[in-house]
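Trainee: Chain H is fixed; fit chain X onto it per the hints.
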Amino acid sequence: MPVFIEQQKYLIDYTLAALFRRKTRNLGLLLVYTLLVFLFASVLLLSQGLRREAAVLLQDAPEVIVQRLVAGRHDLLPAAWLDTLRQIRGVGEARGRLWGYYYDAAVKANYTVMAAPERKLADDRILIGAALARVRQLGIGDVFSLRAASGPPVLFKVAGVLEFSSELLSADLLLLSETSFRTLFQLPPALYTDAVLAVRNPREAAMIAQKTALALPSSRPILRSEILRTYDTVFDWREGITFLCLGSLLLAFLILAWDKAAGLSAEEKREIGILKAIGWETGDILRMKLWEGLLLSLSAFLAGYLLAWWQLFHGGAKLFSPLLKGWAVLYPDFQLTPTVDITQILILLAVTVLPYIVATLIPSWRAAIADPDAAMRG
Amino acid sequence: MIELQWVNKVFNQDQPNECRALREVNLRLERGGITVFKGPSGSGKTTLLTLIGCLARPTSGRITLDGRLLSNLPERFLTQARRHTFGFVFQQFNLIRGLTVLDNVLLPAYPLGRSYRDLHQAAQQVLEKFGLLAKATNKVEWLSGGEAQRVALARALINDPAIVIADEPTANLDSTLSREVLALLGELATQGRTVLISSHDPLVFESARVNRLIELRDGQIVGDSCFSKDA
Numbered sequence: 427m428p429v430f431i432e433q434q435k436y437l438i439d440y441t442l443a444a445l446f447r448r449k450t451r452n453l454g455l456l457l458v459y460t461l462l463v464f465l466f467a468s469v470l471l472l473s474q475g476l477r478r479e480a481a482v483l484l485q486d487a488p489e490v491i492v493q494r495l496v497a498g499r500h501d502l503l504p505a506a507w508l509d510t511l512r513q514i515r516g517v518g519e520a521r522g523r524l525w526g527y528y529y530d531a532a533v534k535a536n537y538t539v540m541a542a543p544e545r546k547l548a549d550d551r552i553l554i555g556a557a558l559a560r561v562r563q564l565g566i567g568d569v570f571s572l573r574a575a576s577g578p579p580v581l582f583k584v585a586g587v588l589e590f591s592s593e594l595l596s597a598d599l600l601l602l603s604e605t606s607f608r609t610l611f612q613l614p615p616a617l618y619t620d621a622v623l624a625v626r627n628p629r630e631a632a633m634i635a636q637k638t639a640l641a642l643p644s645s646r647p648i649l650r651s652e653i654l655r656t657y658d659t660v661f662d663w664r665e666g667i668t669f670l671c672l673g674s675l676l677l678a679f680l681i682l683a684w685d686k687a688a689g690l691s692a693e694e695k696r697e698i699g700i701l702k703a704i705g706w707e708t709g710d711i712l713r714m715k716l717w718e719g720l721l722l723s724l725s726a727f728l729a730g731y732l733l734a735w736w737q738l739f740h741g742g743a744k745l746f747s748p749l750l751k752g753w754a755v756l757y758p759d760f761q762l763t764p765t766v767d768i769t770q771i772l773i774l775l776a777v778t779v780l781p782y783i784v785a786t787l788i789p790s791w792r793a794a795i796a797d798p799d800a801a802m803r804g
Numbered sequence: 224m225i226e227l228q229w230v231n232k233v234f235n236q237d238q239p240n241e242c243r244a245l246r247e248v249n250l251r252l253e254r255g256g257i258t259v260f261k262g263p264s265g266s267g268k269t270t271l272l273t274l275i276g277c278l279a280r281p282t283s284g285r286i287t288l289d290g291r292l293l294s295n296l297p298e299r300f301l302t303q304a305r306r307h308t309f310g311f312v313f314q315q316f317n318l319i320r321g322l323t324v325l326d327n328v329l330l331p332a333y334p335l336g337r338s339y340r341d342l343h344q345a346a347q348q349v350l351e352k353f354g355l356l357a358k359a360t361n362k363v364e365w366l367s368g369g370e371a372q373r374v375a376l377a378r379a380l381i382n383d384p385a386i387v388i389a390d391e392p393t394a395n396l397d398s399t400l401s402r403e404v405l406a407l408l409g410e411l412a413t414q415g416r417t418v419l420i421s422s423h424d425p426l427v428f429e430s431a432r433v434n435r436l437i438e439l440r441d442g443q444i445v446g447d448s449c450f451s452k453d454a
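Here the protein sequences line up with chains H and X, keeping their order. Residue numbers for the first sequence follow the working numbering, beginning at 427 and rising by one. Residue numbers for the second sequence follow the working numbering, beginning at 224 and rising by one.
Heads up, none of these hints are tricks.
Here are the computed lysine-lysine pairs in the BS3-like style, where the Cα-Cα straight-line distance is at most 27 angstroms: (1) H:Lys695 - H:Lys449; (2) X:Lys362 - H:Lys449; (3) H:Lys449 - H:Lys435; (4) H:Lys435 - H:Lys695; (5) H:Lys583 - H:Lys534; (6) X:Lys362 - X:Lys352; (7) H:Lys435 - X:Lys358; (8) X:Lys362 - H:Lys435; (9) X:Lys362 - H:Lys695; (10) H:Lys546 - H:Lys583; (11) X:Lys358 - H:Lys449.
Example chain H residues on the side facing chain X (calculated, C-beta under 8 angstroms, incomplete): (12) Glu432; (13) Ala443; (14) Arg447; (15) Ile700; (16) Ala703; (17) Glu707; (18) Asp710; (19) Asp797; (20) Pro798.
Just so you know, the hints here were simulated from the structure itself, not pulled from any lab data. The beta carbon of each residue, even a glycine, is placed where N, CA and C say it ideally should be.
Pulled out of the complex, with its shape left as it was, chain H reads as follows (with noise of 0.2 angstroms):
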């Protein structure tokens, strides 16, 4: 065992050299690979940093959200629904939301409002999401206003700016009482936009939403799991379009991989021959020439994607941002939490380093088995 790691030793000392001795081909390579990698790495993490951060928020969400639909389409649901769904079996409480949307022409820009009775805000009280505060430039006791259904301002006071654990959520939104809520739309008293309910076996929630379906047929309950298969899909979708215009750069830089590893130059197949002359086997060469690949396209790997982890986690992922949180005004200004994917980096592996390896060996191993004595022939 000494001895194969010697030979390795050596071998890898030979290959750096070697290395070296080509820097600037090698350097421009080692720059358009780590590019490469940086660029999949991020959209990777972010997509995967981005199902993450929904399926932690969403973990606290309700089970059951029922809406009420009228020829198909979201309608308001009155109070009287909320009693029908607290006599089903296995709900444990039904509470009714108000929520809505409210478009500020000044920032071009909607907000989602809600009602939000448990923070027992005063009328003319109001919290608002983060990046809503950084675009309208407000702070806590700022007077805010909102246009009213009917048409007269509503005027609020800022009692504070939404900390949630993520900006995912929470960017957009604007927290006031009932009261406030149902006078700046207009809102009669006996209607709820929707119920949530909470269930006291979360495994049956699939059942309860059934009977949620035969007790109110005109109900559309929604389960959390299909909140968060919609995000799944969303991200998967925005995901894949971005690797579609990624996908032409793989193979410019696939065929650039090719056309350096693979085109052995003379010099590159004299030395082969001398090695190979002086005492070196074929499977020398090639344990040298899979260091070279190796090492290059490890280094490369290793620094695009940790370029793409600091950039995403420390530097505020500017990059793909715009493609993969959404296309709005209000960006969320959160933080991801730094996740490894094993199965994520073995993929992005396969398909950057295993190729370049490839291009490396095979026109090697082409140039290891001639004879040696053209070496001998100079």
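Mentor: Frame of chain H, contents of chain X only:
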């Protein structure tokens, strides 16, 4: 002892550019001393040395080394023979550009996995012997022809081979440097190594150090003279 029986070597066989480099060569080489293969360009000297040194296989015929048949050994075993038995000095030196003198000398020993300290010590010794210690960290492309030839010789000796094969070792050197290289090769023979040289340089084949002179023409042996080992 190296023995060649009915050895033929044909390049590009059955093609319009077919070339018969060696024809029916029979030869017996005893261990030790300096043997020079003399002949004009294209006479088959280099081809003969590549076959003896396991750098290529004969098209037909047998080559044995101390009774062991080399000519039909698989590649792996040929490499073992090259690695442990032969040291090569090429006509064009064939040093690897961009590497230092020391690195070039160490190269043949890398696949053996010897400890770095032993290997380094051996390299230092051989470099010192050839007066190259001061140049150990120089890149080989900065060396003069004579220095490059000495580095090639040092590299050939790093694995302590029993047989040193030198192909036209003086072809790129002036008379003074040629004599210097001959002296070094003579010293190797004195140490008990077998030295096989191909050359068409009179300075080499007329040297008093040569023990045997074999003349080749058109791929065949046309002359074989033995001289006293004490000469």
